[in-house]
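Visitor: With chain A held as given, fit chains B, C and D onto it using these hints.
Protein chains: 4
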Amino acid sequence: MAEDLFQITLEVRDYECDLQGIVNNSVYQNYLEHARHKFLKAKKLDFAKLTAEGIHLVVIKAELEYKKSLKPNETFTVSVEMEKVGRVRWAFVQEIRRQPDNELMLKGRISGVGLNQNGRPHVVPELEPLLKQA
Amino acid sequence: MAEDLFQITLEVRDYECDLQGIVNNSVYQNYLEHARHKFLKAKKLDFAKLTAEGIHLVVIKAELEYKKSLKPNETFTVSVEMEKVGRVRWAFVQEIRRQPDNELMLKGRISGVGLNQNGRPHVVPELEPLLKQA
Amino acid sequence: MAEDLFQITLEVRDYECDLQGIVNNSVYQNYLEHARHKFLKAKKLDFAKLTAEGIHLVVIKAELEYKKSLKPNETFTVSVEMEKVGRVRWAFVQEIRRQPDNELMLKGRISGVGLNQNGRPHVVPELEPLLKQA
Amino acid sequence: MAEDLFQITLEVRDYECDLQGIVNNSVYQNYLEHARHKFLKAKKLDFAKLTAEGIHLVVIKAELEYKKSLKPNETFTVSVEMEKVGRVRWAFVQEIRRQPDNELMLKGRISGVGLNQNGRPHVVPELEPLLKQA
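Residue numbers (the numbering used here), protein chains in the order written: chain A, 57 to 190; chain B, 57 to 190; chain C, 57 to 190; chain D, 57 to 190.
Just chain A, with the same shape it has in the complex (with noise of 0.2 Å):
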């Protein structure tokens, strides 16, 4: 893992599970959404402000393995990384590890692609120096 890899951490919520008695499948989304947004604030870039200016960053693929699930009470780690997959298109790769153990609960590749107000495609000039060549 890289030193300086983008991550957050985060505790599961009672409230997040579901009759299971684990995370429901769809609030890994929330976190990982979340993690994003923490590091495209980090890297000074306001996803709510860029909404408020009409650019809209729009998910258009999500591919989510789930590996393990969480419980109750269980702290987590939501990593993230960008990468660039064409001229208006990236790619977030993101994990989730359950912590102290590390182990590996998810693995995301969330494809995006910036929209203007008339909902055509758009670069997004703020977007560029987070991208890994991939």
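No lab work stands behind these hints: they were computed from the structure. Mixed in with the good hints there might be a few duds.
The list cannot tell twin chains apart, which means a pair is met if one copy fits it or any two copies do.
Keeping only pairs whose Cα atoms sit at most 25 Å apart, straight-line, the calculated SDA-like set for lysine to any residue is [what the hints assert, rightly or not]:
1. Lys105 <-> Pro181
2. Lys127 <-> Leu113
3. Lys140 <-> Leu171
4. Lys105 <-> Lys123
5. Lys188 <-> Asp157
6. Lys105 <-> Gln76
7. Lys97 <-> Asn172
8. Lys163 <-> Glu119
9. Lys127 <-> Gly110
10. Lys127 <-> Ile78
11. Lys127 <-> Glu184
12. Lys123 <-> Glu137
13. Lys99 <-> Glu130
14. Lys127 <-> Gly142
15. Lys99 <-> Gly77
16. Lys124 <-> Arg145
17. Lys97 <-> Ile64
18. Lys188 <-> Val149
19. Lys123 <-> Asn174
20. Lys127 <-> Leu66
21. Lys99 <-> Glu139
22. Lys124 <-> Gln76
23. Lys105 <-> Pro156
Owing to the predicted nature of the structure, the values given are computational and were not obtained by experimental measurement.
Guide: Quick look at chains B, C and D alone, frame taken from chain A:
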């Protein structure tokens, strides 16, 4: 579309929409899950009951292609088809289509496995009649 | 119950249930909100449109009495009545009843106020015809 | 504010905000619940474990006063105090305050009761040391 395709009709609820004024990405997984559980129940497989019996139908992979965004007040269908992938594996192939124009909003492929109380892969014989050979 | 009571019929979704196997407490507020927005829309008041125009109908108090718990697969009605409380204040009186036995699950009283773009109380003339004198 | 007031610090997540650009009303109950469970756990009462043992701590009434709205990127504290109301009844008195200005966002009073597996009121002796005489 096959005449006997299983689908449910739902309606966007305002609280499911986020800052961008559209349904939040994670909510589509809620829609897909609800449709799957209705499908299983229609086939006489009660998800909550299976869980109570210690059999967990666990999602191991979700691939979601976001085509367009649902907005407040829109109505949509969520379809469910189930494919056999291996001895203990299956996949749900699902589509979310806005109504009444039937425009495709999301394509999902949700792969899963049956697990018993010990977390070991487990054939769920009740599923077999539901599975199309892929 | 008045013949013309506004109500909608919904169904519990498994992801709305928590570790206790019942609908999570916070989810009832989702149900109530959805019913209020449908009520307003039925009365030709579009909540999302009002928001876009800078008029916010803001909840200032919620009083929720939890009588019984909804469980997976149950169907229920959510009713809405609106009372005038003051010049810029109103209250929604709501009930959630399990069907088909009509058993009372929750009684709610949601008090609100109209606010304009500057966050000041604001008469919403469109609401007046909807308000019963309490 | 008492020096020993129990409180946790959280941060608004963008997906918790709705069309109005503020935290959705129902989400505050999630915050309050999470703080209560953390409070109980800090006092060595594990909510998930109690549930597994068939003891349900059930909310019977929630009174929520919405003072101001939390917005994206804001940090806030959620406090918890517990009062004895009757033999099997108690109430959580809670406040949500934006930080760092400590502005009051929401006051909540959540009343509850212990129920056993048969749904009958049940003294939860483990709670007694936590209860202030109101």
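Visitor: Confirm or reject each hint.
Guide: Checked hints:
Taking the shortest Cα distances, lysine 105 and proline 181 sit within 25 Å of each other inside one copy (15 Å), while across copies they are farther apart (32 Å). Taking the closest pair of Cα atoms, lysine 127 and leucine 113 come within 25 Å of each other only across two copies (16 Å); inside a single copy the shortest separation is 31 Å, beyond that limit. Taking the shortest alpha-carbon separations for lysine 140 and leucine 171, only the intra-copy value of 16 Å comes in at or below 25 Å, while the best inter-copy value is 37 Å. Taking the shortest alpha-carbon separations for lysine 105 and lysine 123, only the inter-copy value of 24 Å comes in at or below 25 Å, while the best intra-copy value is 34 Å.
Taking the shortest Cα distances, lysine 188 and aspartate 157 never come within 25 Å of each other, neither inside one copy (28 Å) nor across copies (39 Å). For the homomeric pair lysine 105 and glutamine 76, the shortest alpha-carbon distance between copies (11 Å) is at most 25 Å, but the shortest distance inside one copy (37 Å) is not. In this assembly of identical chains, lysine 97 and asparagine 172 lie within 25 Å of each other by CA distance solely inside one copy; the values are 20 Å within and 29 Å between copies. Proximity of lysine 163 to glutamate 119 under the C-alpha cut-off of 25 Å is found in both arrangements, the shortest distances being 8 Å within a copy and 12 Å between copies.
In this homomeric assembly, lysine 127 and glycine 110 come within 25 Å of each other (Cα to Cα) only across copies, at 16 Å, whereas the closest approach inside a single copy is 38 Å. Taking the shortest Cα distances, lysine 127 and isoleucine 78 sit within 25 Å of each other both inside one copy (5 Å) and across copies (18 Å). In the homo-oligomer, the alpha carbons of lysine 127 and glutamate 184 never lie at most 25 Å apart, since the shortest distance is 37 Å inside one protomer and 28 Å across protomers. Both within a single protomer and between protomers do lysine 123 and glutamate 137 lie at most 25 Å apart by alpha-carbon distance, with minima of 19 Å and 24 Å respectively.
In this assembly of identical chains, the alpha carbons of lysine 99 and glutamate 130 lie at most 25 Å apart only when taken from different copies (17 Å versus 28 Å within one copy). Neither within a single protomer nor between protomers do lysine 127 and glycine 142 lie at most 25 Å apart by alpha-carbon distance, with minima of 37 Å and 28 Å respectively. In this homomeric assembly, lysine 99 and glycine 77 come within 25 Å of each other (Cα to Cα) only across copies, at 22 Å, whereas the closest approach inside a single copy is 36 Å. In the homo-oligomer, the alpha carbons of lysine 124 and arginine 145 lie at most 25 Å apart only across protomers (16 Å), although the nearest pairing inside one protomer, at 30 Å, exceeds that limit.
Proximity of lysine 97 to isoleucine 64 under the C-alpha cut-off of 25 Å is found in both arrangements, the shortest distances being 12 Å within a copy and 23 Å between copies. Taking the shortest Cα distances, lysine 188 and valine 149 sit within 25 Å of each other inside one copy (11 Å), while across copies they are farther apart (33 Å). For the homomeric pair lysine 123 and asparagine 174, the shortest alpha-carbon distance between copies (15 Å) is at most 25 Å, but the shortest distance inside one copy (38 Å) is not. Taking the shortest Cα distances, lysine 127 and leucine 66 sit within 25 Å of each other both inside one copy (13 Å) and across copies (20 Å).
Within a single copy, lysine 99 and glutamate 139 get their C-alpha atoms as close as 15 Å, which meets the 25 Å cut-off; across copies the closest is 43 Å, which misses it. Taking CA atoms no more than 25 Å apart as the test, lysine 124 paired with glutamine 76 passes in both settings, with 13 Å inside one copy and 21 Å between copies. In this assembly of identical chains, lysine 105 and proline 156 lie within 25 Å of each other by CA distance solely across copies; the values are 21 Å between and 34 Å within a copy.
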